[in-house]
Structures are given as C-alpha cells and as structure tokens.
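Protein chains in written order, with my numbering: chain A, 1 to 234; chain B, 1 to 108.
I should point out that these hints are in silico values taken from the structure, not numbers from a laboratory.
Computed from a prediction, not measured in an experiment: that's the story for all the values here.
Just to be clear, a hint being listed does not mean it is correct.
[To be verified] Straight-line C-alpha distance at most 16 Å; calculated EDC-like pairs for lysine to aspartate or glutamate: (1) A/K228 to B/D39; (2) B/K70 to B/D60; (3) B/K70 to A/D168; (4) A/K227 to B/D5.
[Claimed, not checked] Using C-beta positions, here's what the derived DEER-type ranges look like: (5) A/A65 to B/G69: 24 to 30 Å; (6) B/A62 to A/I193: 22 to 28 Å; (7) A/L155 to B/D60: 27 to 33 Å.
Ideal placement from N, C-alpha and C gives every residue a C-beta, glycine not left out.
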Amino acid sequence: MNETSLKDQQTLRQGAVAAWPICLGYFPIGLALGVLAQKAGLPWWAVAMMSVMVFAGSAQFICVAMIAAGSSTAAIILTTFVVNLRHVLMSSALAVYLQGVNRKFLALYSYGVTDESFAVNLTKFREGNWGRWQALIVNHMANSVWIMATICGALIGQFVPQGALGVDYALTGMFICLLVFQLQGRIYVITGILAAGLSTLWYLLIPGDSYIVGASMSAATIGYLLKKRYRRSQ
Amino acid sequence: MTFNDYLLLFGGMGLATYLPRALPLLYLAHKKMPQWLIDWLSLIPVAILSALIAPSLLADAATRSFAFGKLELLVAIPTLLFSLKTRSLGGTVLVGMLLYWLGGMVWG
C-alpha cells in the first residue's frame, strides 16, 4: 500500500471515530422524525428527499408538524430560515479555523454544519491536530446516518421500541462533554453559566426559538466585555 | 402533496438552511478577521452549547415552564462530573445513556 492511501485511511478513521457519538444520537431522533412524517402523510421518498435537501433536524421536525397542521409552503420556509439562523454563528466560529480554504470545499462543507458536527469539529480544531478533511468526514458520516435513520423511521419506525438503552440521551451526553472541553479558563466558565441562565429565562419568557441565538450572542458579548475590562485593569 | 409540491417546499427549506451556513464561511474564510471578532467568536461555542443544553435540562418542553429535578438534569450532574474527571467523549456519552436508562426504569 502506498503512503497516500495509508494517510487517507487514517484521515477516514479519525473522522469516523469523532463522528460515532453523533451517529449514535442521530439514529433514534431520525427514526422518530420518520415515524412522525409517515403519520403526517409523507411518503418515504419525500422523507428521503427532505433529509438530503434539508439536513437540519429541528427544522425538519417543525416542517412535519406544520405540514400536519396544514401550513403554507411560504410559512414553512420562513420558519426554517428563522430556526436555522443560529448556524450563522457556528459557521462564523468555524471560519477562524478554515482561513484561506478554497471556496469549493467550503461550499460542500457548509452543507453539513449542524449543531452536533459544529460542536465536535470546533472542539477538535481547537485541540489542534485536526484537518478540514477529517471535519468533512464527520459532517458526511452524520449526514448519511441521518438520511438512513429518517427513511428507516418512515418505513419501519412504528415497530421499533422507544427509548431503548438510554439512546435518547446520547446527544445530551455528547453536548455536556463538549461543553466541558470548551472550559479553558475562567472567562469560558463565566460565559457558559451566563448563557445557561439567559437561555433558560429567554426560553421561558419568549416563545419561539430565538433563545439559542439571543442568549449565546448576549453571553458571548458580556464575556468579551468582561475580559477586555479585566485586561485593561491589569 | 405531489412530487413537485415537495420539491418546491424542500428546495426552499434547503436554501433557507444552506445560506446561513455557507455565506459566513465563504465570506469570513477569505477575509482578514479583526482581533475583536476572533476573540468574540472564541466565546461563541461555549455560549451556544450552554444555550442548547440548559433549557432542555431546566424546563419542560410541552408546557414551556420551569421544571426543577427532571431526570435529564439529575443524570446531567454525574455525567458532567464524569466528563470533567475523564475528559472522554465516548465514555461520557455511554455513562449518560446508561444512567438515563437506569433512571428511566427507576422513575419510569
């Protein structure tokens, strides 16, 4: 075996190892989405089409609920846009680590930026020893599992028992651990606690999904100002 | 709904999903970012992860009201301690699942 293909294999393996918690977590959620979609009257091929064209779990759940409620196409598309605005923040944070990368790669990479792939890849980029190809593999493995899980859900989802082995907690567990990895100094801990408090309050007081973007931007801004002030006082 | 109805709907949703992901990357990756933006963005991951998790642990989704002591929160505490101690992503995911599963049987 020559050296390049060995290296490719290693890249593939590193990506797969990083992606498995996402895949584990996506499976039950994808199944659940497929079941709901099938109940809302979507044929399996429409579910497949949706997961390929719109790789965004929460927006897909909302879409299925809105189809079931008889909403208009325009209303569903607008809601999708609002729900997915948080990815502007995630893509911007990823741009720090993808400086100067060619636009073709970025155009493909953007397709797979989800909450989960963002959290895993950004943590890996920050730790170092992580490249854009490994990151792309994480995105696409997660995407493949998602597509398969949603189709399975639409076809055979009703026959799968719910909540087996605590798999519904996989993504929460993953997010908790990735949050811990982010805590690399006092300012990160403060920002995290601020975001937790603000997002919970925002969630309780304001309907809709603005709590994610609203609370994280506010907490990051307060954290940034605190850090600047602390630096100046030194 | 016909095939074309679905195509229009998912095409529109696809664009509404793709553009917020692609435009910042395509723009910012080829621009010299000011230091304040890099500093601010370095706080975004911790803030966004916290904002994604906290309401799901502290509030009830169906009624959208404060709920203290949900199984999700009770499991989150040992899961958090485990990840602080071991810093293992895979281990944390499995421990969280196991505790949630056991907790569901005890409470369920």
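Structure-based check of all given hints:
1. A/K228 to B/D39: Cα-Cα ~10 Å, so holds.
2. B/K70 to B/D60: The given pair, whose Cα atoms are some 8 Å apart, holds under the 16 Å limit.
3. B/K70 to A/D168: 14 Å, holds
4. A/K227 to B/D5: 51 Å, violated
5. A/A65 to B/G69: 24 to 30 Å: Holds, at about 28 Å.
6. B/A62 to A/I193: 22 to 28 Å: Holds - the Cβ-Cβ distance for B/A62 and A/I193, about 26 Å, lies within 22 to 28 Å.
7. A/L155 to B/D60: 27 to 33 Å: About 32 Å separates the Cβ atoms of A/L155 and B/D60, which means 27 to 33 Å holds.
Hint check: a violation occurs at hint 4 only; the rest are consistent with the structure.
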